[in-house]
Amino acid sequence: MTEIRNPGMSSATLGQSSDSGHCAVDIDPVEYTLRKRLPRKLPKRRNDVYVNMKTDFRAQLARCQKLLDGGGHREICVHGLGLAINRAINIALQLQASSQGALQLAANTSTVELVDDLEPEDPDEAAEPMTRTRNNSAIHIKVFYPDP
Amino acid sequence: MSAAKVKMRQKKLKNQPASVQFVSSGSPQHNGGGGEGSSDNDPPSARKKSSHLQSLWVRGHQKDGGLYPDKMPSFITASSFARARAAEVKAMLKAVTKTTSSCHIFGALPRHMRRRAMSHNTKRLPCRLREMANRLREKSLHGSVKKKQTKRTSRKARRRHGNMLLEFNRRQRKNVWLETHIWHAKRFHMVKKWGYCLGDRPTLKCYRPSYRAMSTHCLLQDLSYYCCLELQGEEDKLLNCLSQLTSKEAGPTFAQKLCLSGQRQGSVVLYKAGQFPSQALGPVTFLWRPRTSGSADRQLWTWVHPALKQDILAEFQSVCQCEAVVLPPLPLVMQADMVSAAGSQPEPDKTREIKPTPGRKRKQSHRDANGPPAKKILGDGTRSPDIPVTWKSSSTGIVINDLTMEIVRYRLIGPQSHSVLADALEAATDCDDMSKSQPSCFWWPDHCKEESKMKLHQQQSDVFHILKGIYSSAELPPGTVLGLTVDDPRLNIPKKRVKALPCVEEAQEVDNEKRKELSLLGVPEHCCQSFLWEQSVRNHVTENKISEQELNRMKSEVLVPGSRLRPTPLQGRVPILLVHQSGKQGGHEMNSWGAGWDLLVPKGWGMAFWIPLVYRGVRIGGLKMSVTHSQNKGVPHFPHDYPDCPAGARFQEEQESELLEKFKRRPPAKRTNYIKNGCLAPFCCPWQQLAEEWDVIGSGEERKEDVQAKSDAAMQSEITSPHRVPASKPATHFTVLRNSKSLRLLSSWCRPTSSKGQRLHHVREMPPLDLTARMTFQTTHGMSLVWIRLSLLAKGKPDLHAVVCAPTADDLKLLKKGPGASGPQEPSHRDPLKSTIKPSKKSAKKKASDKTRDTPSTSDQTISMFEEPLSSSSACDFVLGVWSNPLPSVVSHCSRVTLGWVTQADFSLSAGCGEALGFVSVTGLVHTLVGQPLEQRGMVLLRNPTSLQYRFAKINIEV
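If you're matching them up, the sequences are chains A and B in order.
The letter at position 76 of the first sequence is residue 76 when you use this note's numbering, and the numbering goes up by one with no holes.
The letter at position 302 of the second sequence is residue 1302 when you use this note's numbering, and the numbering goes up by one with no holes.
Looking at chain A on its own, in the form it has when it is part of the complex (with noise of 0.2 Å):
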C-alpha cells in the first residue's frame, strides 16, 4: 500500500498504487520530477553485509567468503532489498555450496519503507512537492556455522 502525503494539503487527486516500486500510475509523468530519497539505514555491524546491484557479484562473493574464514566471524548477515534479493540468495547459496555443507542459512524477510520526493515541473508553482512512502521487499540470510 502507498502513503501519499502532501504536505500542507490533503492527498487528494492521488490515488493508490502497486506495491511494486514502480512510479505511480496517476501522477501525470510531466508533471513531476521523482527524487529517490536512500532507504533507512542502521547501524552496521562487521559482519553485516548488504548486497547492491553495482558492484560486481564475485567481488561480493569473495568479500563474504573472506568474512567467514579470515574475519573470524561465524556468522555474517547478508542483506539484500528489492532488485539485490536475488543476489542475495545467490551469494548466501553460493556459499554454503562451497563450505562442503559445514554452513547453513537461515532466511528472514521483510519490508522496508522508502520515500520518494515528487517535484512539479511546470514553471506556474500551482502544484505542490509531495512526499510518499512506497514499500518494498528485503531479505536477511543469516550464514553461520552450526554450534557443535
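Please keep in mind that the hints were generated in silico from the structure rather than gathered at the bench.
If you're wondering where the values come from, they're calculated on a predicted model, not measured in any experiment.
Each residue gets a CB set at the ideal place from its N, CA and C atoms; glycine is no exception.
Any given hint could turn out to be false.
The calculated DSS-like cross-link candidates involving lysine-lysine, where the alpha carbons are at most 25 Å apart (straight line), are [stated by the list, open to error]:
| no. | chain 1 | residue 1 | chain 2 | residue 2 |
| --- | --- | --- | --- | --- |
| 1 | A | Lys44 | B | Lys1499 |
| 2 | A | Lys36 | B | Lys1954 |
| 3 | B | Lys1797 | A | Lys54 |
| 4 | A | Lys36 | B | Lys1797 |
One-sided and incomplete, this derived list gives chain B residues near chain A with beta-carbon spacing under 8 Å [unchecked claim]:
| no. | residue |
| --- | --- |
| 5 | Leu1521 |
| 6 | Asn1591 |
| 7 | Gly1931 |
We have chain A already, so just place chain B on it with the hints.
Chain B only, in chain A's frame:
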C-alpha cells in the same frame, strides 16, 4: 660604464682634491704657461702661445691638436710656474694622506696590519689612529641608540590583550577576518580572496580523510564570508519586484510555495531584470521568515557570494526602487521599537555603542572617556561608518538591509552531521521561577514568561530530539529549516575529542512515529520560526555573551570539578537556525551524497559554537574542500562554473593570470609547449569565440536544410512554444542554458537509448532527436553553452581546461571493440611561432634600442596566417608555447572537433573514475549527437592540455 661603476668611482674620488686632474682641465695651463702680463700685452700672440702651451701639456694623441708641437715654449715665467707646481704638490700630499677605499680608518693601515678585533678594541690600533677610531666608535654607538628607539616594543607588551586587538584590527583593515580566523590561521593555508582572509586547505595532508568525513561522518566549514542581504516588505510587493530577476523557465523561483511559507530553503539563479536567458548575475540561496500573525510584512534573507554581492545589491536596489539611503541613526530608532515590541529591555545607548564600529582608534578614545572595558569588534567592524547598510524605497516600502558579517554560518556536510549537532547543542533550559519573577536585563527570562513562546520552544526542542534517532542526514526532506534556542554550547564540551555517533536503538521505539512524520513532512511551519530573525535579539545576545574568561572562572568554582555548570547562566541562551542542505540530487549514482546542515548563529558566538563542534570529531575543510564537495555532488560551483556572470568572468581572468604566472615561473626548457600539443587555451577558455563559431556552423547548416525542415517545423511547434525566443535575436554574448525543459530534452538525447545501467526510472515521452527537433533547438539556443558532467570510461585523470572533443566514426568503432580502448592520439602540432620568435630574439639583442621596427621585419618571414597574432601582440606579453590573442579558429584546431572545455576536474573518489565538469556548446553537442549511432549517444573525447592522448568519456546532463 655601468651606473654602479660610475657610483663607485665617484665615491673613490670624493675626497680627492680637484687639482690633481690638472691635465684634463684647461684653466690651470693658463696659469702655468702664459703669464698674466703677457696676455695683457699682446693678446693675439699670447693666445697663440697659450694654445701652444696647451698642446704642450696634453699627453698622448689629442683630437683637436692633430699634430705634435714641434716647438718648445720660448719662455717660462718662474713665479707662476712655481706657484702652479706648488699647487700640484699640495694636492698630491693631500691625496696621499686621504684614504681612498673607504672613509674608515682601517683603510689607512696596510692590509697585513689590520686585525678584526681592532674594531672592537681601539687599543689594538696604532696610536696615531686611535683618536679617530674612538671618535668614529662613539658616533656609531650613538646611531645604534637612535635605532633602538624605532625598534618595536617588547613581546610581552605586544602580546597584551589590548595591543593585540589593535594589531589585529590593523591587519584586517583590507581583508576582513572571520570569527574563526585565528583558529584557522594556525592550521590552514590562508588566502586573501573577495575581501576576506579565508582558509584554503589544511596544512595537514587530509584530502582523503576529508572525503571520508563527507561520505561517512561530518565535515565542518566556516561559510560566514557569504553575505546576507535582507529584504523586508509586503509579500506581494516583494514577489512582484523579485520576479523580474528570475524566470519560471529556469525552475522554481522565490514564489515557490514551500519556500514562501518558510519551511524550506530555496535557491535560484538571478538575472538582470527582465533579461532572462542572457545577463546572468549568479546563484543565491534564500530563506523566507515564516509568517507572523498580525503582520503583512515579510522578511527574506538571500545569501550571496561576496564576489557578486555588489552586482546583486545594485540590482535589488534598482528593482525595488530603493534609492533612498537610510542613515545609520534611523535603524537605531527602528531597533528600539522592535526591542520594545519583542518585550525585552531596550538599551539604545548600548546598541549605539556597538553600531558605529569604525576602528580601534575611536573605540579607544571612547574607552578613555567612559571607562568601560574594551570589547573586541565583531562582525564587519572594519567597515567605515559612512557606508550605508540600509536602503528604503518610498514607493514600495521595501527595506533592504546589508547583513554582511552579522550572522555566522557554519556548514556541516555528511550523513552524521545531525548527530554532531544533536550532541553539541542542547535546547535551552527553562529558567527557574525566581529569575522569572525578577525583572532582568536579558531576553530569555522575559521570553519564558510568555506561555505561547514556551510552547513553541517546547515543540522545537521536541523536533530537535527526534534528530538523534535518525541515522543519516539524507533521510530528511531537502532544505528543511528548524528554528531553535539553545544553551551556551561551551558548557558541555567533552574533555576529550570524541566522535559523535547516532544512538538509533534507544530512540527507535520511542518516537518511531514522530521520526517517520519528520522525514515525510519535514518540520512543521511554526517550528521554523526563530528569534535569530529579530535584530534586537541578535544584538542583545551578541553583547551579553559571557566572555571566555568569565566562563572559565565560573567553571572553576563548580563544586565537583569538571561537572556541568548549573544552573545555566541567564545570558547563555542563543537563538539559532538549522537549515538542511540537500545532497546529490541529479543522476542515479551516489544519491543524496553530501547532505548536511547549515548552522546560523548570531555574530560574536562564532568561536563559542566552533570549538564544541570541533570536539565532536568532525574534520574541518577549507575552500578547496568545498570545490571537491560540489564536484562530487555534481552541482556547479560558484564562481568557477558561472562564466556568463560578471563575477565568474572576473574569476576566470584572475585564474588566467595566476596560471600564466605559474607557467612563466618554470624554466623555459621545462615548460609545456601548448602549441605543439594543439591546446589553444590552457589558461582561459574562450567561451565567447566557441559559441560564435558553433553558431556560424549551425546557421550554415540550417540554411542548407532549411527547405526540408520548414514543413516539419509546424508539426514540432509544441516543443518550441515554451521557450520562444525572438527569431532575429542579435547574437551578442553567449549564455548558459538553464531552461529546465530544454535541459531535460537535451539530457534525454545524451543518453544511449538501450544500455544496461541506464534504465530510465520514469519513462517519459521525449521527442526523439531528429532533424526538425534539432533545428528548432538550435535556433533557440544557438549561442548557448550547457553545463555537463563527464565521467571517463576507462583510464585517465582529467585536468583543468581539458578539451572536450567530438569523436569521429572511427573512434566510435574503436570503442566498440573493447571497453579498455584507450582512445586515439592527437598528432603533434607544429609550432609556427617558435621559428618566428627565435630570429626576433636575436635581432632584439642586436638592436635593442629599436623594438618597434623589429617586429614587422620578422613577421615578414612567417606565413601570412600567423602574421596577425604576432604583430598585434606586443613583444612583452609573448610567451613561448602559448597562443597569444587573437586565437585561430577554436573549433577546428585539432584533428577532432572541439565542443568545449572542462572547468573542474579530478579523480572522483565517489565514482571511482576520473570525473570532469565543464561546458560545451549546445549547437556543437546537438551536432555531434545527431551523427552518433543510437547505442553510443553521448560519447565524447577528453584530452588534457599537457598531453596528446584522447580518452573516452560519457556526457551526463543532470536536471
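Those earlier numbered hints the structure runs against, lowest number first: Checked against the structure, the hints that fail are numbers 4, 7, while the rest are satisfied.
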